[in-house]
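Participant: Note that the protein sequences, when read in sequence, are chains F and E.
Position 180 of the first sequence, counting from 1, maps to 180 under the working numbering, and the rest follow consecutively.
Position 13 of the second sequence, counting from 1, maps to 13 under the working numbering, and the rest follow consecutively.
A hint or two may mislead.
Claimed, not checked - Taking lysine to any residue and the SDA-like style, the derived pairs with C-alpha atoms no more than 20 Å apart in a straight line are:
hint : chain 1 : residue 1 : chain 2 : residue 2
1    : E       : K23       : F       : S148
2    : F       : K75       : F       : G90
3    : E       : K404      : E       : S422
4    : F       : K165      : E       : D162
5    : E       : K91       : E       : N57
6    : E       : K267      : E       : H226
7    : F       : K165      : E       : R161
8    : E       : K213      : E       : N106
9    : F       : K113      : E       : K31
10   : E       : K27       : F       : T117
11   : E       : K31       : F       : D171
12   : E       : K27       : F       : Q152
13   : E       : K27       : F       : D167
14   : E       : K347      : F       : S105
15   : E       : K48       : E       : N107
16   : E       : K27       : F       : Y144
17   : F       : K165      : E       : T156
18   : E       : K73       : E       : A86
19   : E       : K31       : F       : Q152
20   : E       : K73       : E       : F143
21   : E       : K28       : F       : G90
22   : F       : K165      : F       : N107
23   : E       : K27       : F       : A169
24   : E       : K28       : F       : P101
25   : F       : K113      : E       : Y30
26   : F       : K175      : E       : E168
27   : E       : K251      : E       : K213
28   : E       : K31       : F       : D110
29   : E       : K31       : F       : F170
30   : F       : K175      : E       : M165
31   : F       : K165      : E       : R142
32   : F       : K175      : E       : K347
Said to hold, decoys possible - In silico contact screen, one side only, chain E against chain F (beta carbon under 8 Å); selected entries:
hint : residue
33   : C21
34   : L22
35   : D24
36   : V25
37   : G26
38   : K27
39   : K28
40   : H29
Derived by calculation from the structure, the hints in this document are not laboratory data.
Just so it is clear, CB atoms sit at the ideal spot from N, CA and C, and this is done for glycine as well.
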Amino acid sequence: MLLILGALNGYSQTKKSKPVFTSINSVGSVWGSSQNVIVFQTINGVSYKDWSVGFGLAFDSYGSQSTPIFIDVRKGIAKNSNIFIYADAGVNIPWRTTNFPKKYSWNNEDAFKLNTTFYGEAGLGLKKQIANKTYFVASLGYSYKHFSYVEQNVYSWGVGGVNGKTDYAFDYYYKRLALRLGIQF
Amino acid sequence: MKKFINVALMALTVAICFSSCLKDVGKKHYKIYTPIIETTSSLRAKVKSAAGIDVANAGKLFVIGNYVFLNEKEKGIHVIDNTNPANPINKAFITIPGNTDLWVSNNILYANCYTDFLAIDVTDINNITTTKVIEDIFIDVRFINGYATSQGSVITGWTVRDTSMEIEIAEGQGIWSNGKYITNNWSGGVWLSGLPTPTSNPGGGSQASSTGKAGSMSRFTVVNNHLYAVSNSTLNAIDISNATQPTIASKVSIGWNIETIYPFKDKLFIGSQTGMFVYGLSNPTQPTYISSFSHARLCDPVIADDDYAYITLHAGTFCQGTQNELDVVKISDLSNPTLVKQISLTKPQGLSKDGNILFVCDDNAGIRVFDATNPENPILLQTIPLNAAYDIICNNGIAMVSAKDGLHQYNYSNTNNIIRLSSFLFAH
């Protein structure tokens, strides 16, 4: 990580005089106490001077496969600097995988209800121009993903309720370190 | 170089600071249910008759003369004057806590009240009298969801409290396995097999007797002077030769997950979640096992006539398995019942047969009408649209159907032109 940051040292950011379209596409790794996984992300928006803002879409399999959708805001820090800070905020949309069927196969009752929850990330990064209007981007940040669902119609001894069925609700708060490498154009 | 060192130090600092905040947290939210326990004597004291009330949660049907007795699940019985099937009148409601089954004979209403069997004189529907109580006959009611109450008390409800607990998220801990989530459904004592239930199990077939006719979901039947009542595991023979003073004649353990009972000549066909049992009544006070027909673990009512039994199997609720079908079983040799036909349906439940016409309540698919002239190959004639059809009684050309939204009556004297006579709709 330190070597990557060292290699990117010394390049200036090109000034932009008007808003222009920008796309940042990256692959990365997130580390948490439970897992570390590979993640993919694309952010598309506009950049103007030291700012850029865009809509992001990611594929994140930490905990359970999901698609975070978020707003990304970036700002270069220090004049002519290739260092930036960024912040993302949005929603985490879980995938309905085979682990979370909508209905139980044995009795066709409602099984899992998946909730759309919060997703966020913030950190800093570097970018290096590698061609005309094309940059290599690296970032390191703190990433937060909330995964939530309800397991419905669970039969359970000693729980009672109507016909011995009950629902269990689960919330998982995933706190990770995210390293992303990508291309911006 | 200085700039690079500053950036590198900044990045390292960030990583160290946030590494201490990288612990994933899991929380499980659930409800804690605490039983409400009442004595059966206090519950029996609530038995009374009053003006008719709206039907909210219809259960099993019984027809006698011009009256329809319609169970309100676990609450009592609606008495409906059906002198004019096109205009049924809600006459009275008999409160019987915990009631799910009934039979009426010689102006005596036989009903369950949680664990107890009651004989109630309904000669004057507005002034009923409980003439006899046989206590603790349906003992399965005392065992619910891991709780067991003592004799003379039952669980009538639950208080609910929300609670939360932290759960660990780590490899091998509960939900995680090899980096993948696995269902929590089988952990911590949670299981998915069918539970014994004191109420609402569907079963049975429509049954004719000289005193009335029950729907196909009934757990009660009368043969001569004996009322046979099945609980979850026991066949109870009750002598009703003295109508107001029934006495228990015998109790026979017949297995588990028993749901329905249907009389056939001098036999009883008993439906369970695992099959159909045949019991003989050569000695009315002591039914004896003859044979059985097994099927996958499903819920099933059963009816029979002459040489064939008709069983509907449905998955869902307490019943595992995925089959939803009508089975025709040849019973000419009762020692060896043989499956001869299977017809896939949506979610069949109550059924009734009149002559060669077989009616099957098929949940939201409606009422299936079959020509069973050839019992080994019933032909579907038509499907009458009706949501959540549950139980049915065919009586003198009138089909009475209990559905989620009401009691519907049809004139089927011309099967090519089945006409709906009335819909006694429920308040929801």
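Participant: Take the hints in turn and mark each one as holding or not.
Facilitator: Hint check results:
no.	hint	in the structure
1	E:K23 / F:S148	17 Å, holds
2	F:K75 / F:G90	18 Å, holds
3	E:K404 / E:S422	15 Å, holds
4	F:K165 / E:D162	15 Å, holds
5	E:K91 / E:N57	17 Å, holds
6	E:K267 / E:H226	13 Å, holds
7	F:K165 / E:R161	15 Å, holds
8	E:K213 / E:N106	13 Å, holds
9	F:K113 / E:K31	17 Å, holds
10	E:K27 / F:T117	15 Å, holds
11	E:K31 / F:D171	15 Å, holds
12	E:K27 / F:Q152	16 Å, holds
13	E:K27 / F:D167	14 Å, holds
14	E:K347 / F:S105	14 Å, holds
15	E:K48 / E:N107	16 Å, holds
16	E:K27 / F:Y144	16 Å, holds
17	F:K165 / E:T156	16 Å, holds
18	E:K73 / E:A86	25 Å, violated
19	E:K31 / F:Q152	12 Å, holds
20	E:K73 / E:F143	19 Å, holds
21	E:K28 / F:G90	24 Å, violated
22	F:K165 / F:N107	13 Å, holds
23	E:K27 / F:A169	8 Å, holds
24	E:K28 / F:P101	19 Å, holds
25	F:K113 / E:Y30	15 Å, holds
26	F:K175 / E:E168	14 Å, holds
27	E:K251 / E:K213	24 Å, violated
28	E:K31 / F:D110	18 Å, holds
29	E:K31 / F:F170	12 Å, holds
30	F:K175 / E:M165	19 Å, holds
31	F:K165 / E:R142	18 Å, holds
32	F:K175 / E:K347	46 Å, violated
33	C21	6 Å, holds
34	L22	5 Å, holds
35	D24	5 Å, holds
36	V25	5 Å, holds
37	G26	5 Å, holds
38	K27	5 Å, holds
39	K28	6 Å, holds
40	H29	4 Å, holds
Consistency note: the structure conflicts with the earlier hints numbered 18, 21, 27 and 32.
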